[in-house]
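**Student:** So the sequences go chain by chain: X, F and C. For the first sequence, position 97 matches number 97 in this note's numbering, and the numbering has no gaps at all. Converting from the second sequence to this note's numbering requires adding 1000 to each position, the first position being numbered 1. Converting from the third sequence to this note's numbering requires adding 2000 to each position, the first position being numbered 1.
Keep in mind that the hints were calculated from the coordinates and are not lab data. No experiment lies behind these values; they were computed from the predicted model shown. Please note: incorrect hints may appear among the correct ones.
[Stated by the list, open to error] Just a few of them, taken from the derived set where beta-carbon distance is under 7 Å, the chain X residues facing chain C:
(1) Gly19
(2) Phe164
(3) Ala166
[To be verified] Short derived list, chain F residues pointing at chain C, Cβ under 8 Å:
(4) Phe1116
(5) Ile1120
(6) His1161
(7) Leu1169
(8) Phe1173
(9) Leu1175
(10) Phe1201
(11) Leu1205
(12) Phe1211
(13) Val1222
[To be verified] So the derived label-pair ranges between C-beta atoms look like this:
(14) Asp1224/F - Asp184/X: 33 to 43 Å
(15) Leu1015/F - Gly2202/C: 49 to 59 Å
(16) Ala2016/C - Leu1171/F: 51 to 61 Å
Just so it is clear, CB atoms sit at the ideal spot from N, CA and C, and this is done for glycine as well.
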Amino acid sequence: MNPSETPLLAIHGLERRFGALVALRGVSLVVAPGEVVLLLGPNGAGKSTLLRCIAGLARPSKGRVEVSGRNVHADPEARRPLGLLSHQSFLYEDLTARENLRFAAELHGLDSVATRVEQALADARLTSRADTRVFGFSQGMLQRLAIARATLHDPALLLLDEPFTALDAAAARSLRERIAAERDAGRAVVCVTHEPAELWEIASRVIVLRGGVVVADEPRPPDLGEFRAGYDALVTP
Amino acid sequence: MSVLRVALLIAAKDLRIERRSRTALHTATLFAVLVLLTVVFARDGGSVSLLTLAPSVLWITIALSSLVALNRAFTLEREHAALEGILLAPVPRSALFLGKWLANLAFVSLVMTITFPLWILFYGVAVTPALFAVAAVALLASIGVTAIGTVFSAMAVRTRHAELLLPVLMLPFLLPPIFFAAQSTVRLLAGRPLDELWGSFRFLLLYDVAFATMAALLFPAVVDE
Amino acid sequence: MPDAASAERQIRRGRAVTLIALLGLAVLYVMALQFTPPERTMGLVQKLYYVHPPAAYAMQLAFLTTGLCSLLYLLLRDERFDLFAEASAEVGMVMGMIVVITGPIWGRPAWGVWWAWEPRLTFTVLELLVFGGYFALRGAVRDPQERAKFAAVLGMMALVLVPFNHLTVYYFASQHPEPVALRAGKPALPFEMLRTFLTGFGVFTVLYIGLAMQRYGIGVRAAHQEVADA
Chain X
1 MNPSETPLLA
11 IHGLERRFGA
21 LVALRGVSLV
31 VAPGEVVLLL
41 GPNGAGKSTL
51 LRCIAGLARP
61 SKGRVEVSGR
71 NVHADPEARR
81 PLGLLSHQSF
91 LYEDLTAREN
101 LRFAAELHGL
111 DSVATRVEQA
121 LADARLTSRA
131 DTRVFGFSQG
141 MLQRLAIARA
151 TLHDPALLLL
161 DEPFTALDAA
171 AARSLRERIA
181 AERDAGRAVV
191 CVTHEPAELW
201 EIASRVIVLR
211 GGVVVADEPR
221 PPDLGEFRAG
231 YDALVTP
Chain F
1001 MSVLRVALLI
1011 AAKDLRIERR
1021 SRTALHTATL
1031 FAVLVLLTVV
1041 FARDGGSVSL
1051 LTLAPSVLWI
1061 TIALSSLVAL
1071 NRAFTLEREH
1081 AALEGILLAP
1091 VPRSALFLGK
1101 WLANLAFVSL
1111 VMTITFPLWI
1121 LFYGVAVTPA
1131 LFAVAAVALL
1141 ASIGVTAIGT
1151 VFSAMAVRTR
1161 HAELLLPVLM
1171 LPFLLPPIFF
1181 AAQSTVRLLA
1191 GRPLDELWGS
1201 FRFLLLYDVA
1211 FATMAALLFP
1221 AVVDE
Chain C
2001 MPDAASAERQ
2011 IRRGRAVTLI
2021 ALLGLAVLYV
2031 MALQFTPPER
2041 TMGLVQKLYY
2051 VHPPAAYAMQ
2061 LAFLTTGLCS
2071 LLYLLLRDER
2081 FDLFAEASAE
2091 VGMVMGMIVV
2101 ITGPIWGRPA
2111 WGVWWAWEPR
2121 LTFTVLELLV
2131 FGGYFALRGA
2141 VRDPQERAKF
2151 AAVLGMMALV
2161 LVPFNHLTVY
2171 YFASQHPEPV
2181 ALRAGKPALP
2191 FEMLRTFLTG
2201 FGVFTVLYIG
2211 LAMQRYGIGV
2221 RAAHQEVADA
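So that you can see chain X by itself, here it is in the shape it has in the complex (with noise of 0.2 Å):
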């Protein structure tokens, strides 16, 4: 990576205060295009946290978060490029899958959005229930609805907040095939998990997060049992 580019995720010094309880402290990183980040750590290290304050949906104590050097908070224009995969899909149960799609690609301004759309819909296997109310959807239908949502405008970042909890193996299989793909395209991955093992092959770089502070920050070694014991030393108490 050239040094004199401007990164794109760099955060400073972040800190997160709720009242007394601190749940981040002095986190500093930079992720850069193509790279696959596992965010790994112990419940209630900060992990959430630390991917909603770059999602912008918390505001730091302290420091900040840049995208392409624009600060997060500050600036609506930083959010473009992040994508953000949680648990909640942020649909509307009320409209169809096609109005749903609609609606995210217009709020990101997005060019010739009923192609783009349409293209989403096949990718995501849903063309034949595209004008059916998202209300009636299964539960398959709606994670694949959720991922078309967050990655139909291609977000060069793309922030996922432990994806495989309710995942079936078809399912996801999938989606680390598209994570895979993501990667390939040059887009970065930030992926909280507590289960290495389920993104380990295509992941090249490990945080581990303990009481809010990075204790380790590495290339991802090859060797996943080796880092398991590494890692349960690092966060058993």
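Based on these hints, arrange chains F and C on the given structure of chain X.
**Tutor:** Then chains F and C, alone, in the frame of chain X:
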């Protein structure tokens, strides 16, 4: 993409959802009609004429049914955390506020449009051009009220007793505009000339400007974590 | 966030200030007794009059302070401003209750009716409703940071509402003719009357400060308790 365009996008989405399910519209309208009827049955037909009560009842009805209507804006965003989908997008918070406000204003206006003729009918109000002025006052008052309601409902929706809390928060803020609006209505129905009402119009305008500004300034703090 | 020890100090200091204020209140009564009204038969009730306007003033002072602290909280996000806003609002409620209770107690013999929609009482009722909502909101939000933030938003809206309430009450009261008030007797010298009223406002300012300080200390203590319980 301009703030207005995003706002209209959000408002259109809200109204499309409302058209799909119509629950909120039915409930708010039915509630308004029930308020009209409650007063008819709660007074002594012999001693108090409906026409005397008409201006007060109009404003009580508008105030109470606005409260029912305002909860709609953010409860529809609760499921699947849809609001966060908007907060994630590269659009300013002010566009979200404006969009919700416009949707609220459209919705409240719709409820009033349906209720107004029933009020005229049930309370024996004479149909004169003055009624246009009454409608205009209603619109003027709604502007400020919906702006405040947009902010307060965004807060109330995150609490356990949203439906109970919103009226408790909002009604004290509604008393001043209700007073001046009711005053204007009394005078308008009595056929008083318009220039007697400038004081009330000025008050309502000032109220709208002050609270629309405050609401726009404070809204981002409410939705940002 | 001030620590638990300083919270206790704050409460103790507040108690001291309140005691001074109560002493001042006694002085006030003595001063008031010098102005003997024509109707001595009103007795105890008439003495309440010297509490009524200062309490109304103290309520406004309290609520204005809450509004100001709300603004400062939103700008600086320092929880001390939120705690003081809450403390001030509670003292304001107490002052408001004094107004609406002493009003009728004094008003019944003076006016012949238990309640009159005169400007001061009407305004007080409006403000009590707004701040009733303030506490309802605070009680409904569990997360302390969200509670502080929402309360501050409401506090600022309430601040802007004050002039509108004044305007409303002004026109409203003109519709409800005030019952002829039996003034609490004009003293011989205007200077003495002014002195009494200024003393009254001074005493209630000190009383407000003392009560607010105590309530603030209690608030800090409660905040620490909340963290300990979590």
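**Student:** Run every hint past the structure and note whether it holds.
**Tutor:** The hints, checked one at a time:
1. Gly19: Gly19/X check passes; min Cβ-Cβ to chain C is 5 Å, inside 7 Å.
2. Phe164: Check failed: Cβ of Phe164/X comes no nearer than 29 Å to chain C, outside 7 Å.
3. Ala166: With a minimum Cβ separation of about 26 Å from chain C (threshold 7 Å), the hint on Ala166/X is violated.
4. Phe1116: violated (25 Å)
5. Ile1120: violated (26 Å)
6. His1161: His1161/F check passes; min Cβ-Cβ to chain C is 6 Å, inside 8 Å.
7. Leu1169: Cβ of Leu1169/F sits 5 Å from chain C, so the hint holds.
8. Phe1173: holds (6 Å)
9. Leu1175: For Leu1175/F, the interface hint holds, since the closest Cβ of chain C sits about 6 Å away, which is under 8 Å.
10. Phe1201: Result: violated, 14 Å to nearest chain C Cβ.
11. Leu1205: violated (12 Å)
12. Phe1211: holds (7 Å)
13. Val1222: holds (6 Å)
14. Asp1224/F - Asp184/X: 33 to 43 Å: holds (35 Å)
15. Leu1015/F - Gly2202/C: 49 to 59 Å: holds (57 Å)
16. Ala2016/C - Leu1171/F: 51 to 61 Å: Given a distance of about 40 Å, which is not inside 51 to 61 Å, the answer is violated.
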